[in-house]
Every structure is written in structure tokens, then in C-alpha cells.
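Residues per chain are reported as follows:
2 protein chains.
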Amino acid sequence: EGKVMTFRSLYHTEVINDAGLNGHARVTLGGDFDVLTSSPLQDDPGTNPEQLLGLALATCLNATIEAEEGRRGLEHAAEVKVGVDMGKDTEGYQFFLDCQVRIPQVAEAEAQEILAKCERRCPVAKIVGSSQNVRVHLVKQFAF
Amino acid sequence: EGKVMTFRSLYHTEVINDAGLNGHARVTLGGDFDVLTSSPLQDDPGTNPEQLLGLALATCLNATIEAEEGRRGLEHAAEVKVGVDMGKDTEGYQFFLDCQVRIPQVAEAEAQEILAKCERRCPVAKIVGSSQNVRVHLVKQFAF
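Those protein sequences? They're chains C and Z, same order as listed. Heads up: the first sequence at position 136 corresponds to 118 in this note's numbering, and the numbers run straight through without jumps. Heads up: the second sequence at position 59 corresponds to 41 in this note's numbering, and the numbers run straight through without jumps.
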């Protein structure tokens, strides 16, 4: 299928969901993280795929920016916020991710340059960034 | 840019990462989920983008399958496991997701039919599924 890893693996982890929407999903190899999940449409405690996906993108992109801040001798001040909306689709549901990035310690031109570079470097951005449902952009203040 | 939500939002949540790779990322609207994150290449406690992305896909796809099991009058028995590998890229890193699905209570032909339908319905699969780095497939037993 062409979907073959051609790089040496530097890290391998495995996770499982067997419960479905309401229950626990967990890491089975490479950590001991366990999360309680629930429907976003109910008021039950727990997280959901929307939040997990948003946290994956926010953390990966900001970690990538943090490394670039370091290369440039800048303090770490960047923040990444992701708003996730769920909408009904012709088949099932869709998620829409609005990823807003603040890099407040530099001028806008440099912030744009840092973000463009980090979007090309960040592994999660590489996977989700080509989707029409995902937008990544620089902001002065977060606004959803 | 064409990246505009054209559906009514049924659910909205917001998450933030301000710490970078080592620290807390958290939900700021639509829940109170907070995660400790750390580098996958260090032995520090905490989860990481690899696990968060894997958990998002595993939970979303299995919840979608669970709904389809219900429509067919089947017990919920499906399990979704995701293996995530990190490899060095020409620019930064890449993640590779091997998403393995077990639907053990039905014959293989029906299991393939359920999975194909649910890949088209699952919001996370819609976003990540077109990436060359993501493979989703039916298995009898999990093997990574």
C-alpha cells in the first residue's frame, strides 16, 4: 500500500481502546497512561477523541516551536491552543480543528517564519495538516 | 483558504499547551482534562503526542465501530490497538501509525465491511487516514 515505515524507529508505543466511547483507553507499551473517556454529548466525566486529538497537535507543535526557540536563543514563550468542533456529516461526524499559535516574544515576521518551519517539522502537523478540516495559524490573542 | 467549517457545531472544546514538551497540557473549555507530558526519549513520567494521537484514533474508531455493532444487533467486542513509531525525517521527525482492528464476533467478510464503513464515518480516521504514515487494517490477533 505504500504505507510502510522507511525510517529506523527511535521510539515505539502502543495504545488500546476496547471499551468503545465510555470507559478506559490506555497505553499498553511505552508508558502507563490511562484515560477515562465519555461521549462529548453527555455530561459524564472523561475526555474524548476531540480533546485527545487537540492535545496531540497542541503539544507536538508547541514542543517543536520550543526546540526552535532554543535554537534561536529565545526564551520559551510560545503557546498553542486548539479549538475542536464536531459537526454532523453526510456519513457520521466530522471534527474541525482551529489551531492558534502565539509566539509573542518576537516580531510578527519572525513568528511567521518560526511557525512555517515548525509546521514542516512537527510530526502531528505533518499527519493532520493536509486535511481540509485543520487550520493552523498565528494569532496575537486567542479567539474562538 | 477553504478550511472553513460548514456544519453546525454540536460540540466545542478547547485545549492548550503552553509548557512545550515537559509540563502540563490541558482542556480549557468543555472539560477539565489535564495531562502531564514528557519526552518519549526520556524516562520521565508523562504521556506524549504519540500516545495522545494513538488514543484519539483508537477511541474514535472503536466508538464508531461500537455504534455500528449496535445497529447490527451485535454485542460490543471490537478492539482497536494503535502502534506509533517515531523516526527521524529530513526535517524533524515523523510518526507512523499502525492501527489494528479486531472484530472477533463476526466472520471476516462482515468484519471487513464494518471496518470499511467505520473508516468512512470516524472523524479522526477522516483526518488522519489519507496520510501515507497511517495504516488501518483488520487483524485476527494484534501483532506489532
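Just so you know, the hints here were simulated from the structure itself, not pulled from any lab data. All figures in this text were calculated on a predicted structure; none of them were measured in a lab. Do not take every clue at face value.
[Unchecked claim] Straight-line distance between alpha carbons at most 20 Å, and here's what the computed SDA-like set of lysine to any residue pairs gives: (1) Z:K122 - C:T10; (2) C:K99 - Z:E73; (3) Z:K122 - Z:A93; (4) Z:K122 - Z:S20.
[Stated by the list, open to error] Facing chain Z, a subset of chain C residues (Cβ under 10 Å, in silico): (5) P22; (6) P31; (7) E51; (8) I109; (9) Q123.
For glycine and all other residues, C-beta sits at the position ideal for the given N, C-alpha and C.
Tested hints:
1. Between the alpha carbons of K122 of chain Z and T10 of chain C the distance comes to roughly 18 Å, so the proposed pair stays at or under 20 Å and holds.
2. Distance restraint check for K99 of chain C and E73 of chain Z: the Cα-Cα separation of roughly 9 Å lies within the 20 Å cut-off, and the hinted pair is therefore satisfied.
3. With a C-alpha separation of about 10 Å, the suggested pairing of K122 of chain Z with A93 of chain Z holds against the 20 Å cut-off.
4. Restraint check: the Cα-Cα separation between K122 of chain Z and S20 of chain Z comes to about 33 Å, which exceeds 20 Å; the hinted pair is violated.
5. Annotation: P22 of chain C was flagged as interfacial toward chain Z, and the flag holds, the nearest CB pair being 4 Å apart, inside 10 Å.
6. Given hint, P31 of chain C at the interface with chain Z, holds; its Cβ is 4 Å from that chain's nearest Cβ, closer than 10 Å.
7. With 10 Å as the threshold, the beta carbon of E51 of chain C comes within range of chain Z, its nearest partner Cβ sitting at about 8 Å, so the hint holds.
8. For I109 of chain C, the interface hint holds, the least distance from its beta-carbon to any beta-carbon of chain Z being 5 Å, beneath 10 Å.
9. The interface hint given for Q123 of chain C is broken, as the beta carbon of that residue sits about 13 Å from the closest beta carbon of chain Z, more than 10 Å.
The structure shown violates the earlier hints numbered 4, 9.
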